[in-house]
Amino acid sequence: MSLYEKIIAIYPELNSNDFTLNGSIVLQNDSDGKGDYIAKWEHPTLPRPTEEQLA
Amino acid sequence: MAITINGSGTIGGVSVGGLPNGIVDTDMLASAAVEQAKIASGVVGNGPAFHVRASSTQAVSQSTWTKVTFDTEIFDTDNCYSSSTFTPTVAGYYYIAANLRFGFNAPWTGLGFSIRKNGSEVMPPIYLEQLNTANSGTSLHLTGGCTAYLNGSSDYLDIYANLTSGGGVVRELNYASTTACCHCYGFMIRAA
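Going down the list, the sequences are from chains A and B. Just so we're aligned, residue 11 is where the first sequence starts under the numbering used here, counting upward by one. Just so we're aligned, residue 17 is where the second sequence starts under the numbering used here, counting upward by one.
What the hints contain is simulated information worked out from the structure, not anything from laboratory work. Warning: the hint list may mix true and false statements.
[Said to hold, decoys possible] List of simulated lysine to any residue pairs, SDA-like, C-alpha gap at most 25 Å:
no.: 1; chain 1: B; residue 1: K133; chain 2: A; residue 2: D40
no.: 2; chain 1: A; residue 1: K44; chain 2: B; residue 2: D171
no.: 3; chain 1: B; residue 1: K83; chain 2: B; residue 2: S100
no.: 4; chain 1: A; residue 1: K50; chain 2: A; residue 2: I18
no.: 5; chain 1: A; residue 1: K44; chain 2: B; residue 2: S100
no.: 6; chain 1: A; residue 1: K44; chain 2: B; residue 2: S77
no.: 7; chain 1: B; residue 1: K83; chain 2: A; residue 2: M11
no.: 8; chain 1: A; residue 1: K16; chain 2: B; residue 2: E188
no.: 9; chain 1: A; residue 1: K44; chain 2: B; residue 2: D87
no.: 10; chain 1: B; residue 1: K83; chain 2: A; residue 2: G43
no.: 11; chain 1: A; residue 1: K44; chain 2: B; residue 2: R132
no.: 12; chain 1: B; residue 1: K83; chain 2: A; residue 2: Y14
no.: 13; chain 1: A; residue 1: K50; chain 2: B; residue 2: D171
no.: 14; chain 1: A; residue 1: K44; chain 2: B; residue 2: S99
no.: 15; chain 1: B; residue 1: K83; chain 2: A; residue 2: G45
no.: 16; chain 1: B; residue 1: K83; chain 2: A; residue 2: W51
no.: 17; chain 1: B; residue 1: K133; chain 2: A; residue 2: G33
no.: 18; chain 1: A; residue 1: K16; chain 2: B; residue 2: S77
no.: 19; chain 1: B; residue 1: K83; chain 2: B; residue 2: Y191
no.: 20; chain 1: A; residue 1: K44; chain 2: B; residue 2: S71
no.: 21; chain 1: B; residue 1: K83; chain 2: A; residue 2: G33
no.: 22; chain 1: B; residue 1: K83; chain 2: A; residue 2: D28
no.: 23; chain 1: B; residue 1: K83; chain 2: A; residue 2: N27
no.: 24; chain 1: B; residue 1: K54; chain 2: B; residue 2: A65
no.: 25; chain 1: A; residue 1: K50; chain 2: A; residue 2: G33
So here's chain A without its partners, still in its complex pose (with noise of 0.2 Å):
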């Protein structure tokens, strides 16, 4: 399960319109084999997820 798919599950009212160019949640992956990351959470109303959440 990808970092966004996991995000989803523990917030199913996101959408892909919060991931986009100008959206509040930025995901990132720098190729250098650590995998997705949370560059970025500016959501207005939701917390940024705990690593425990996204275990």
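Place chain B on chain A using the hints.
What follows is chain B alone, placed relative to chain A:
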């Protein structure tokens, strides 16, 4: 009258009014003796240049800005390209561009890429949104480029791409051949 100077030492009180044209030619200069800063405006120098491409398809996670991997060098004049990152060793102004081939097999809502300098966008993303056009085996090319000043030591450029679509579908930077794949290229425009 010819003047011959033998031995070593210091000659003072001598002024030179300038050398006639043509007196300094390439035979009198050591190789690589002329620095970038001494090249006249409008003259192309020997600044770093590169052209790289991908050799395989790269998967992209849903809605995730992903660094594009270019693992095959077509040329890299000054060995400034490594790990899909361009870090030139000569300070100056550079042009960098990429041609990315996006692959998908279901409707998508957005795709694009940006050029980043030291992790921040120096070329705002070229982004297509809400086209919702896709069929099995479909691909789409995007090309974009920009200029940037790089300090010749720590500044670097790389490419990040994003493809947003429905879940459970192919999202990739597609490789079909050495020409139908992702390319990146750049070169020095002028010295600092």
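Verification of the supplied hints:
Our distance criterion of 25 Å between C-alpha atoms is met by K133/B and D40/A, whose separation comes to about 14 Å. Restraint check for K44/A and D171/B: satisfied, since their Cα atoms lie roughly 23 Å apart, inside the 25 Å limit. Distance check on the hinted pair: K83/B and S100/B sit about 8 Å apart at the alpha-carbon level, within 25 Å; holds. Restraint check for K50/A and I18/A: the C-alpha separation of about 16 Å stays at or below 25 Å, so the hint holds.
A distance of roughly 16 Å separates the Cα atoms of K44/A and S100/B; the hinted pair therefore holds under the 25 Å criterion. Under the criterion of a C-alpha separation no larger than 25 Å, the hint pairing K44/A with S77/B is consistent with the structure, at around 13 Å. The straight-line distance between the Cα atoms of K83/B and M11/A is roughly 20 Å, inside the 25 Å bound, and the hint therefore holds. At most 25 Å may separate the alpha-carbon atoms for a hinted pair to count; K16/A and E188/B meet this at roughly 20 Å.
A distance of roughly 18 Å separates the Cα atoms of K44/A and D87/B; the hinted pair therefore holds under the 25 Å criterion. Restraint check for K83/B and G43/A: satisfied, since their Cα atoms lie roughly 11 Å apart, inside the 25 Å limit. Straight-line distance between C-alpha atoms of K44/A and R132/B comes to about 19 Å, which keeps the hinted pair within the 25 Å bound. At roughly 16 Å between alpha-carbon atoms, K83/B and Y14/A fall within 25 Å of each other, so this suggested pair holds.
With a C-alpha separation of about 23 Å, the suggested pair K50/A and D171/B falls inside the 25 Å cut-off, and the hint holds. Restraint check: the Cα-Cα separation between K44/A and S99/B comes to about 14 Å, which is no more than 25 Å; the hinted pair holds. The hinted pair formed by K83/B and G45/A meets the criterion: a straight-line CA distance of about 11 Å does not exceed 25 Å. About 19 Å separates the Cα atoms of K83/B and W51/A, which keeps this hinted pair within 25 Å; it holds.
With a CA separation close to 21 Å, the supplied pair K133/B and G33/A stays within the 25 Å bound. The suggested pairing of K16/A with S77/B holds, with an alpha-carbon distance near 12 Å, which does not exceed 25 Å. Taken as a hint, the K83/B and Y191/B pair is honoured in the structure, with Cα atoms around 16 Å apart against an allowance of 25 Å. Distance restraint check for K44/A and S71/B: the Cα-Cα separation of roughly 21 Å lies within the 25 Å cut-off, and the hinted pair is therefore satisfied.
Among the hinted pairs, K83/B with G33/A is consistent with the structure: their alpha-carbon atoms are about 19 Å apart, no more than 25 Å. About 20 Å separates the Cα atoms of K83/B and D28/A, which keeps this hinted pair within 25 Å; it holds. Distance check on the hinted pair: K83/B and N27/A sit about 21 Å apart at the alpha-carbon level, within 25 Å; holds. For the suggested pair K54/B and A65/B, the alpha carbons sit about 20 Å apart, so the restraint of at most 25 Å is met.
About 10 Å separates the Cα atoms of K50/A and G33/A, which keeps this hinted pair within 25 Å; it holds.
In the structure shown, no violation is registered for any of the earlier numbered hints.
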